[in-house]
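**Student:** The residues making up each chain are set out below.
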Amino acid sequence: MAREILLSARGLVKEFPAKGHKRVHAVSDVDLDIYAGETLALVGESGCGKSTLGRTLIQLIPPTAGTVTFQGHEITGLSARAFAPYRRQMQLIFQDPYASLDPRMTVHDIVAEPLVTYKLCPDKAAVTQRVRELLDAVGIPDEFLYRYPHQFSGGQRQRIGIARAIALQPRLIICDEPVSALDVSVQSQILNLLKDLQERFGLTYLFISHDLSVVRFMADRVAVMFLGRLCEVGDTKTVYERPAHPYTRFLLDAIPMADPRARETEKPLLQGEIPSPIDVPSGCRFRTRCPYATSRCRTEEPELRAVDGRLVACHAAPLDR
Amino acid sequence: MDNDLTLKIEHLSSGFFTERGYVPAVDDVSLSIGKGQVVGIVGESGCGKSMIARSVMGLLKYPGRITGGSIKLAGQELTGMSDGQLQRIRGKDMAMIFQEPMTSLNPVVPIGKQMREALLLHEKMDKISAKAEVLKMLEHVGISEPKKRYGAYPHELSGGLRQRVMIAMAMICKPKLLIADEPTTALDVTIEAQILRLIRSLSRETGMSVLLISHNLGVIAQMCDTVYVMYAGKIVEQADAYTLFDRHAHPYTKGLMDSVIDLKSNPRRLPAIGGVVPNLLHLPAGCAFSPRCPRAMDRCREERPELEELAPGHLCRCFEEGRERL
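Going line by line, the protein sequences match chains S and Y.
Count along the first sequence starting at 1, add 1, and that's the number in the numbering used here.
Count along the second sequence starting at 1, add 168, and that's the number in the numbering used here.
Be a bit skeptical, because a hint or two may be false.
[Unchecked claim] Calculated lysine to aspartate or glutamate pairs in the EDC-like style (CA-CA distance at most 16 Å, straight line): (1) K432/Y with E242/S; (2) K432/Y with D236/S; (3) K203/Y with E373/Y; (4) K422/Y with D260/S; (5) K344/Y with D430/Y; (6) K238/S with D466/Y; (7) K432/Y with D309/S; (8) K342/Y with E285/Y; (9) K240/Y with D261/Y; (10) K432/Y with E144/S; (11) K176/Y with D261/Y; (12) K432/Y with D221/S; (13) K238/S with D221/S.
It is worth saying that the hints were derived from the structure and are not from the lab.
Can you build the whole structure from these sequences, using the hints too?
**Tutor:** Okay, here's the thing in structure tokens:
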């Protein structure tokens, strides 16, 4: 079954200038396809470049090198005017529902803003009608239409942010840590809502998260990132059940299980911390923390290759288990 | 028996006196921790778990105040103590670590010097032996090259290292009680695992008692001997960790457990607790959880349930008909 590729990146690089003519290697040589209708999760620890990659994919920040195509059209290097029709197709949901809504605007105006900007409704009454529909879709009651963000809880604010993101009927939504700031009981409500909306409107999600449990529930496929590079990409079930990259395995083993019995089987922990993205290790970027590293890992950078039904960038994969 | 307890909290109430009325953040909470025990409090934001920590440490600021009950640290009553008396105990017999280490580290003093302060103040050590002690402790919490780090400023360290420094600072006077308030919430999962293992091994080695506050049931399960579940300022369930995870009786505990995502299965929807946490200024007349409780009956909306003992050490605040079948 040939699946439609919605967005595709090739050789994507994003570097930022740093002190002393050095460069921060935030995203290095990333090839990634996002299929229409799927949820692709981007996971990794803070500073690994997952948010920068997400923003570079939708041209919120221009890449240093490489190309991105959307429905087959190249969208890198376009003028703002030429890019406008694509912008509509790609929206963003942010982590902090307290910071991402203008405190001086009513909920109505927040959700109406994109509709007005893109002149999608013939008159004001039509705008309000559409805003009501959108708020209904995310579970915000009608009587809250003219309230301000501070009058809502974190979960409700996140719902408002979601209503704003779907207002333009986008194809792709980048969800950047959408539930990290929420309590567990509210987190489940929002994740269920995102799944419902995906089904109802045929949305594609790029789901950026450091929370591997949330990713297990949300994602069809998962891409694991370490220090600006992808180290493993595959079906969520495959990757979680049989991680092939040592880093993926350490990440999964580190999740504290909600079962006191798991204490008795203490798994080996990843030692040390993430190297600086300014002075990245030669060869494989994970080698300084990797117990399986050999001299080859120091000299030769592993490419993503197909191993056991997924892509993995490791000379040693698949590991013996 | 009670003298063996590192911490004994009885009928503690504390809250905030605001313009809109008294906010009962902690309501009649009793909790005890034995020597070398790790005790957890789990609950969502606003349930009062951090207020307990602050009440014990004597860190409540106006308009917050302890309004009743007793807190005993190794038999010594802490409520009613003057600031000066508390200061002699804080940092020496009990210490606290927080979610965000930057808030409790002084940004303009090198970390080694900050740690040395406590030894000079509480242990009356001279500077040279205090420095040696600090270096030993930095190494103990897994900081490589402690001599190099001794003169480092907090901003020069990564989040994981800062958290280790804060733990080292809390441990330096060998306290009887360590209060850890969401100690790993801001950290990545691989660093979180390192820090949790460190706290556990320090407790085992030194017999230090730990009060661990977390919203993460995974962290609670991996760390705690006894667990208290809090909702709207009250303990709603209390049990040893194995009993709580296997045979919880309170519908709120069940709701929390259900919202933990199982890595091995892939359900289409997650069970969620409907509604939101109640406003403490306008608590419902009956059980505080009744508006969100799938099992609530008329009685739950009118009458407040008491904590009842279901089995030795297993307490639950729910009418018998409402409890989960054990």
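**Student:** Failing hints, ascending?
**Tutor:** The structure conflicts with hints 5, 6, 7 and 10, although it agrees with all the remaining ones.
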